[in-house]
Each structure stands twice: as structure tokens, then as C-alpha cells.
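S.K.: The chain contents come next:
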Amino acid sequence: MRERTIFDSLAWMALLLGALLSTAGFVLAFTTAPMVKGVDLQVFAQIGGVHVDYQLLFSQKIFYFHMPVAITSFIALLFTAIYSIIFLVKKDPKYDLRARIATEIALVFVLMTMASGMLWERYEWGVWWTWEPRLTTYFILTLMVIAYFILRRALDDPERRATYAAVFGVIAAVNAPISFLITRIIPTRTHPVIFRTDSGLPPDMLLPLLLSMFGILMVAFGIYRFRLREQRLRLQLEDLKAQLED
Amino acid sequence: MDPILSEIYQTVLGAAPYVIIAYALMWMILLVYVLIMVFSLKKTEKQMAALTEELRLRQKG
Chain A
1 MRERTIFDSL
11 AWMALLLGAL
21 LSTAGFVLAF
31 TTAPMVKGVD
41 LQVFAQIGGV
51 HVDYQLLFSQ
61 KIFYFHMPVA
71 ITSFIALLFT
81 AIYSIIFLVK
91 KDPKYDLRAR
101 IATEIALVFV
111 LMTMASGMLW
121 ERYEWGVWWT
131 WEPRLTTYFI
141 LTLMVIAYFI
151 LRRALDDPER
161 RATYAAVFGV
171 IAAVNAPISF
181 LITRIIPTRT
191 HPVIFRTDSG
201 LPPDMLLPLL
211 LSMFGILMVA
221 FGIYRFRLRE
231 QRLRLQLEDL
241 KAQLED
Chain B
247 MDPILSEIYQ
257 TVLGAAPYVI
267 IAYALMWMIL
277 LVYVLIMVFS
287 LKKTEKQMAA
297 LTEELRLRQK
307 G
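Quick note, the sequences are listed as chains A and B, same order. Position 183 of the first sequence, counting from 1, maps to 183 under this note's numbering, and the rest follow consecutively. Every position in the second sequence, counted from 1, becomes a number in this note's numbering once 246 is added.
None of these hints come from the bench; they were simulated from the model. Note that beta-carbon positions come from the ideal geometry of N, C-alpha and C, so glycine has one too. Wrong hints could be hidden among the right ones.
[What the hints assert, rightly or not] If you want the footprint, here are the derived chain B segments under chain A, 3+ residues with CB under 8 Å:
hint, stretch
1, 266–279
2, 291–305
[As the list claims (entries may be wrong)] Derived DSSO-like pairs: lysine-lysine, alpha-carbon spacing no greater than 30 Å straight-line:
hint, chain 1, residue 1, chain 2, residue 2
3, B, K306, B, K288
4, B, K292, B, K306
5, B, K306, A, K90
6, A, K241, A, K37
7, A, K90, A, K241
8, B, K289, A, K241
9, B, K289, A, K37
10, B, K288, A, K241
11, B, K306, B, K289
12, A, K91, A, K241
13, A, K37, B, K288
14, A, K94, B, K288
15, B, K306, A, K91
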């Protein structure tokens with residue numbers, strides 16, 4: 001049986017630490033992080049000894065997980081592209097397996113991004129969907145990630161399937177930087193430009209965001225390693241079955 | 247509720263169900279995937295152990 005690598009041993013730790021960090025981020029997001037200011041009011045009230053004369057945008061709390069899961073989906077797709085390119089160069093099936101699992105992880109995080117984004121949008125904009133640049137590019141990315149798996153299922157020959165999927169995986173991954181940079185290329189008022197030096201996020205808001213970000217990245221790494229281990233075992237199982245039949 | 251506080255909290259109370267559902271959905275999607283993966287891993291490990299044993303017995307016999 002194949003020996004466990006150091007990364008396999010780290011998977012549990014990554015998953016646990018990731019869950020702890022993201023839970024801490026979640027708790028801080030709802031306790032210490034201040035609520036974003038909404039519309040100014042003509043009147044004021046004292047809340048917890050603080051003079052408040054504006055509405056409080058509670059829906060912004062979705063941002064503390066929405067942004068990290070979206071970034072994680074981009075990173076997972078980046079790994080799809082890396083492993084797909086290595087597969088196309090080396091023709092080694094282990095890279096096809098890694099690319100497939102990275103895309104699977106990307107799909108999970110894409111669904112999480114879509115679900116959280118649509119709920120925020122429904123409350124803030126009153127619609128479930130609108131064709132603004134970030135949403136449109138991310139929607140194309142989502143369709144391509146789903147199409148990646150449809151393509152894989154449609155092909156029977158393993159070599160042809162791996163090659164076509166690798167090429168398609170690279171094309172799908174190209175959408176990630178486009179979707180990430182679209183708010184810089186076509187600025188809109190609706191989606192903020194993230195990862196900028198003048199974001200002005202106070203430490204009370206930055207800390208939960210960073211905890212969630214690192215936590216979710218670690219969770220993604222953990223589940224990637226688990227899935228890889230499971231798929232490798234499955235391949236070994238098939239080999240063993242073949243040996244027993246002989 | 248005090249009318250001023252009511253106006254301030256208007257967006258909080260209205261947004262609360264959406265925030266709760268958003269977090270619940272995100273965790274649920276992740277949890278379902280992790281559970282499917284863990285069950286699948288356990289099942290494969292079990293089958294692997296049984297087949298390895300079977301192979302060992304055959305080689306012995």
C-alpha cells in the first residue's frame with residue numbers, strides 16, 4: 001500500500017486549524033467588527049454609549065466569508081491550470097487526477113460564492129441576479145467549471161478524456177484572473193476592488209477577514225489532500241481487483 | 247421599539263435572515279462535500295483492507 005506523504009499527515013491538521021481560524025473569523029465578524037455605515041439619519045440614538053445617526057448595514061457581514069470563498073475558488077482554478085499544463089507536458093495521469101480534484105474543489109467554492117453573493121444581492125439590490133461585469137464573468141467561470149465535468153463524463157477513452165479536460169481546464173482557469181481583475185478594468189459602484197493598499201479597512205474588520213481567508217484556504221487544502229488520498233486508494237483498489245481476477 | 251432605534255435597526259432586522267441563510271448555505275455546501283468525501287474514503291479504505299487480506303491469503307495458499 002502507498003505510504004502516506006507529509007502532506008497527507010498535514011491534511012487533518014489543516015482541516016482542523018482551518019475550521020478553528022474560520023470560526024474565529026466568523027465570531028469576530030459578528031462581535032468586534034463594526035457595522036458599515038448606511039444612510040445618514042436626521043435623528044440620532046445612543047447605542048452602547050456610541051452616538052449613532054446612520055443606518056447599519058448588517059448585510060455586509062456576508063462579505064467576511066463571501067470574499068474568502070471567492071478567492072479560494074480562483075486559487076483552486078489556478079491549480080487546475082498548473083496541473084493541467086504539467087499533464088499536457090508530461091502525460092502523467094497523476095496530474096490529470098490532481099487537476100480534476102482541484103476543479104472539484106473550485107466547484108464547491110464557486111457554489112458557496114454564488115449562494116452567498118445572490119443572497120446579499122437579493123437584499124441589497126432587490127434582485128437575485130444582475131448582469132454587472134463581475135457577476136457576468138463569474139457566471140461564465142461557473143458554467144465552464146460545470147462544463148469541465150460534463151466534458152469528462154462524455155469521453156470514455158481515459159487518455160483522450162485527460163487531454164481534452166486539461167486543455168479545457170486551462171481555458172476555464174483563464175476566467176479566474178479576468179473575473180478577479182474585471183472590477184479594475186471596468187469599475188462599477190456595486191463591486192468593490194479588493195486587495196488594494198488604500199482599502200481603509202480598520203483592524204477590527206481586517207482581522208476577521210484575514211482569519212476567515214486563511215481558515216478557508218486551509219480547509220480547502222485539507223479537503224484537497226483527503227480527496228487525493230481517496231482517489232489514489234481507489235486506483236490501487238482497482239489494481240488489486242485486477243490482480244485478484246488474474 | 248424606540249422609533250429612532252427602529253429606523254437605525256431597519257436594515258439590520260431586514261438583512262438578518264439573508265445573512266443567516268447565506269452562512270448556513272455556505273457551511274452546508276462545504277459540509278455535504280466533506281461528508282461525502284469522508285464516507286467515500288472510509289468505504290474505499292475498508293474495501294482495500296479486505297482485498298489486501300484476500301490477496302495475502304491467496305498468495306499464502
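S.K.: Would the hint linking K91 (chain A) and K241 (chain A) be met if the CA-CA limit is 30 Å?
M.R.: The given pair, whose Cα atoms are some 25 Å apart, holds under the 30 Å limit.
S.K.: Need the status of pair K306 (chain B), K90 (chain A): alpha-carbon distance at most 30 Å?
M.R.: Distance ~39 Å between K306 (chain B) and K90 (chain A) Cα, so the pair is violated.
S.K.: Take the C-alpha atoms of K37 (chain A) and K288 (chain B), compute the straight-line distance between them, and say whether it is at most 30 Å.
M.R.: Cα-Cα ~49 Å, so violated.
S.K.: Would you check the hint for K288 (chain B) and K241 (chain A), treating anything up to 30 Å between C-alpha atoms as holding?
M.R.: Within the cut-off at roughly 18 Å; holds.
S.K.: Tell me if the straight-line CA distance from K94 (chain A) to K288 (chain B) falls inside 30 Å.
M.R.: 22 Å, holds
S.K.: Do three or more residues of the stretch 291–305 of chain B come closer than 8 Å to chain A, measuring C-beta to C-beta?
M.R.: holds (count 8)
S.K.: Going straight from one Cα to the other, do K306 (chain B) and K289 (chain B) come out at no more than 30 Å?
M.R.: Satisfied, since the Cα-Cα distance of roughly 26 Å is no more than 30 Å.
S.K.: Verify the proposed pairing of K241 (chain A) with K37 (chain A), using a straight-line Cα cut of 30 Å.
M.R.: This hinted pair is violated, its Cα atoms lying about 63 Å apart.
S.K.: Assess, step by step, whether the Cα of K306 (chain B) is no farther than 30 Å from the Cα of K91 (chain A), and give holds or violated.
M.R.: 37 Å, violated
S.K.: Starting from K292 (chain B), check that the Cα of K306 (chain B) is at most 30 Å away, please.
M.R.: OK: K292 (chain B) and K306 (chain B) at ~21 Å, within 30 Å.
S.K.: Is the straight-line distance between the alpha-carbon of K90 (chain A) and that of K241 (chain A) 30 Å or less?
M.R.: Given that 30 Å is the threshold and the Cα spacing comes to 28 Å, the pair holds.
S.K.: Could you grab the alpha-carbon distance between K289 (chain B) and K241 (chain A) and see if it respects the 30 Å cut-off?
M.R.: It holds: about 15 Å lies between the C-alpha atoms, which stays within 30 Å.
The structure does not agree with the numbered hints 5, 6, 9, 13, 15 stated previously, though it agrees with the rest.
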